[in-house]
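Peer 1: Residue-level listing of the chains:
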Amino acid sequence: MSTSKEWPLWEVFIRGQHGMSHRHVGSLHAADAEHAIRNARDVYTRRNEGVSIWVVEAAQITASSPSEKGPLYEPARDKVYRHPTFYDIPEEVGKM
Amino acid sequence: MNHLFEFLLRQGDNALVLGHRTSEWCGVAPALEEDIALANTALDLIGQTQLWLGYAAEVEGEGRTANDLAFRRDAYDFRNMLMVEVPNEDFGRTLMRQFFFDAFQVPWLDALQTSSDQRVAEIAAKSLKEAKYHIARSAETVIALGDGTEDSNARMQAALAYLWPYTGEVFVDDDVDRAMADQGVAPLPSTLRGQWTATVTETLTNANLVQPESGFAHAGGRSGKRHTEHLGHMLATMQTLQRSYPGAVW
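In order, the protein sequence lines correspond to chains Z and S. Take 9 as the starting number for the first sequence in our numbering and just add one per residue. Take 84 as the starting number for the second sequence in our numbering and just add one per residue.
Same shape as in the complex, but just chain Z (with noise of 0.2 Å):
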């Protein structure tokens, strides 16, 4: 029996215990979004990773084109001054 076919690819994010955001914590196949939320639950919260899941349906992500890789980043590469690593921080302020 062939799943992946009959099955979308879900991609699933889940919020940890101490976490902020979701993360991207893999995929799994299922019916519908209700079905993807409770395989997530079941392939990736059994050592009680998370307090939070969400799943996204892998066809709905819009991804970057490896073979642009060149316009789309080389250009940020020699503009260093985008780092805030040129300010003196005054001794008051702290750690940042």
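No lab work stands behind these hints: they were computed from the structure. In this text, a Cβ means the ideal position worked out from N, Cα and C, and glycines have one as well. Some hints here could point you the wrong way.
[As the list claims (entries may be wrong)] List time: in silico SDA-like cross-link candidates among lysine to any residue, alpha-carbon distance up to 25 Å:
id: 1; chain 1: Z; residue 1: K77; chain 2: Z; residue 2: R90
id: 2; chain 1: S; residue 1: K215; chain 2: Z; residue 2: R54
id: 3; chain 1: S; residue 1: K212; chain 2: Z; residue 2: V59
id: 4; chain 1: S; residue 1: K209; chain 2: Z; residue 2: Q25
id: 5; chain 1: S; residue 1: K209; chain 2: Z; residue 2: E57
id: 6; chain 1: S; residue 1: K215; chain 2: Z; residue 2: R46
id: 7; chain 1: S; residue 1: K308; chain 2: S; residue 2: R156
id: 8; chain 1: S; residue 1: K212; chain 2: Z; residue 2: W62
[What the hints assert, rightly or not] Which residues of chain S face chain Z? A partial, calculated answer using Cβ under 8 Å:
id: 9; residue: A114
id: 10; residue: E116
id: 11; residue: I119
id: 12; residue: A120
id: 13; residue: N123
id: 14; residue: R220
id: 15; residue: A227
Put chain S on the given structure of chain Z with help from the hints.
Peer 2: Chain S alone, transformed into the frame defined by chain Z:
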């Protein structure tokens, strides 16, 4: 007869036998996700077994442990309802049985939370959280398969026909049940029939499945008088290590 001991064996043996049957899917379920979900369910049930049989062993006071009760009793000493010991057959029947069981366990454990016996109340409270997740999953799957393809609907209808005569056993009160009710340990199982029927009817309707009309019920598991021929085979597998190497430990 020690009624409390018998009562605890019934709870523990239901969980143990269904837990073992469910574990038989480990590695061979129709999808990885379902495989892990079934393994989780099996582990929940075996965890409940440890609590019920651990307490049963204490109540008996003969120096036996939960492990002794699980692995060194023979079929006629088991007190589980017959429904949990019949073979899995296919994924559909396995989930249909799980649903029938959960539809009883949820109101049953809920009622046991107010048991006059503190230990029973504590075990029930812990188990109820697991049972509520089990029924969400089993009911959803029964509906998905019943209301699925022609083939899945036919398999679920066949599972229903096979299991239906096994669903009535648990609601027939006997001396143990009456003793437990008198002591405030547990309600009479017959009082939960209405709630069970309502849950089952709603789900089967949503699943496009036709509820059988027969009221015939197999019996003999809870009393240990007459198990099916399947239990002995299951125990032979489950108990083989303790039977071959008595007292073996990790």
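Peer 1: Against this structure, judge whether each hint is valid.
Peer 2: Results of checking the hints against the structure:
no.: 1; hint: Z/K77 x Z/R90; verdict: 20 Å, holds
no.: 2; hint: S/K215 x Z/R54; verdict: 16 Å, holds
no.: 3; hint: S/K212 x Z/V59; verdict: 16 Å, holds
no.: 4; hint: S/K209 x Z/Q25; verdict: 21 Å, holds
no.: 5; hint: S/K209 x Z/E57; verdict: 20 Å, holds
no.: 6; hint: S/K215 x Z/R46; verdict: 13 Å, holds
no.: 7; hint: S/K308 x S/R156; verdict: 15 Å, holds
no.: 8; hint: S/K212 x Z/W62; verdict: 22 Å, holds
no.: 9; hint: A114; verdict: 4 Å, holds
no.: 10; hint: E116; verdict: 4 Å, holds
no.: 11; hint: I119; verdict: 5 Å, holds
no.: 12; hint: A120; verdict: 4 Å, holds
no.: 13; hint: N123; verdict: 5 Å, holds
no.: 14; hint: R220; verdict: 6 Å, holds
no.: 15; hint: A227; verdict: 6 Å, holds
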